[in-house]
Amino acid sequence: GQQVMQIPQYQHVQEGEDFTTYCNSSTTLSNIQWYKQRPGGHPVFLIQLVKSGEVKKQKRLTFQFGEAKKNSSLHITATQTTDVGTYFCAGGSNFGNEKLTFGTGTRLTIIP
Amino acid sequence: DTGVSQDPRHKITKRGQNVTFRCDPISEHNRLYWYRQTLGQGPEFLTYFQNEAQLEKSRLLSDRFSAERPKGSFSTLEIQRTEQGDSAMYLCASSLVWPLAALGTQYFGPGTRLLVL
Numbered sequence: 182g183q184q185v186m187q188i189p190q191y192q193h194v195q196e197g198e199d200f201t202t203y204c205n206s207s208t209t210l211s212n213i214q215w216y217k218q219r220p221g222g223h224p225v226f227l228i229q230l231v232k233s234g235e236v237k238k239q240k241r242l243t244f245q246f247g248e249a250k251k252n253s254s255l256h257i258t259a260t261q262t263t264d265v266g267t268y269f270c271a272g273g274s275n276f277g278n279e280k281l282t283f284g285t286g287t288r289l290t291i292i293p
Numbered sequence: 002d003t004g005v006s007q008d009p010r011h012k013i014t015k016r017g018q019n020v021t022f023r024c025d026p027i028s029e030h031n032r033l034y035w036y037r038q039t040l041g042q043g044p045e046f047l048t049y050f051q052n053e054a055q056l057e058k059s060r061l062l063s064d065r066f067s068a069e070r071p072k073g074s075f076s077t078l079e080i081q082r083t084e085q086g087d088s089a090m091y092l093c094a095s096s097l098v099w100p101l102a103a104l105g106t107q108y109f110g111p112g113t114r115l116l117v118l
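Respectively, the protein sequence lines represent chains A and B.
First residue of the first sequence: 182, per the working numbering; consecutive thereafter.
First residue of the second sequence: 2, per the working numbering; consecutive thereafter.
There may be inaccurate statements among the hints.
Derived DEER-like restraints, expressed as beta-carbon distance ranges [unchecked claim]: (1) A:Lys237 - B:Glu53: 29 to 37 Å; (2) B:Glu84 - A:Gln195: 39 to 47 Å; (3) A:Thr243 - B:Glu53: 37 to 45 Å; (4) A:Tyr191 - B:Glu84: 24 to 32 Å.
Take a look, some chain B residues computed to stay more than 12 Å from chain A by CB distance [unchecked claim]: (5) Thr14; (6) Lys72; (7) Gln85.
Examples of chain A residues toward chain B, derived with CB under 10 Å [to be verified]: (8) Gln190; (9) Tyr216; (10) Val225; (11) Phe283; (12) Gly284; (13) Gly286.
It should be emphasised that the hints constitute simulated quantities derived from the structure, not laboratory data.
Source: prediction; values computed, not measured.
All residues carry an ideal CB built from backbone N, CA and C; glycine is no exception.
Please take these sequences and the hints and turn them into a complete structure.
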């Protein structure tokens, strides 16, 4: 079955430093989504990417979908303490049938 | 609050007992999903409904698990003869089918944390 892996598993950064998490799927995806889960919270939708090579920005967050639609990345510029949490990518294999396969997540902690 | 709600938020039960969880999606959302999340892992898909129809079930959903959405609004997830391995957070999410731009966005509820002793 489809597997989605993320690296790194954990990332500790000083406040103000940049952060990147990478997502790799074993199969070609129809779309990829990113979610953020705060400690003790539930996943919150951040963004969806559908097109090959697509890049989207949300303020300090930049999301990229690979040309082969098998990998993705999330980059945060100048991290802030509010960025703390676990970031999950989730791959969709068939657009319209939204069974998502979540990645293993990257837990981000910020050192003030 | 117009978000996804789940009840109960926490459930402690003894092995072998049956438990039932409820999910109320965002009112106009016709898709409803159930996921299971264990500590340190991402959510794992269990099943989803479009209106009252259950369209897909994961192999994770053994015969002890059953989900319903009888009127296309709220949904219930029942686990029979619970086992310690069922201990997890059970998350519900909902989404719109139309417009297409909204199709991918799943809104998660706060989850029900189950502990089987």
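Status of each hint after checking the structure:
no.: 1; hint: A:Lys237 - B:Glu53: 29 to 37 Å; in the structure: holds (35 Å)
no.: 2; hint: B:Glu84 - A:Gln195: 39 to 47 Å; in the structure: holds (44 Å)
no.: 3; hint: A:Thr243 - B:Glu53: 37 to 45 Å; in the structure: holds (40 Å)
no.: 4; hint: A:Tyr191 - B:Glu84: 24 to 32 Å; in the structure: holds (30 Å)
no.: 5; hint: Thr14; in the structure: holds (21 Å)
no.: 6; hint: Lys72; in the structure: holds (21 Å)
no.: 7; hint: Gln85; in the structure: holds (22 Å)
no.: 8; hint: Gln190; in the structure: holds (9 Å)
no.: 9; hint: Tyr216; in the structure: holds (8 Å)
no.: 10; hint: Val225; in the structure: holds (7 Å)
no.: 11; hint: Phe283; in the structure: holds (3 Å)
no.: 12; hint: Gly284; in the structure: holds (6 Å)
no.: 13; hint: Gly286; in the structure: holds (5 Å)
Hint compliance for this structure: every hint is met.
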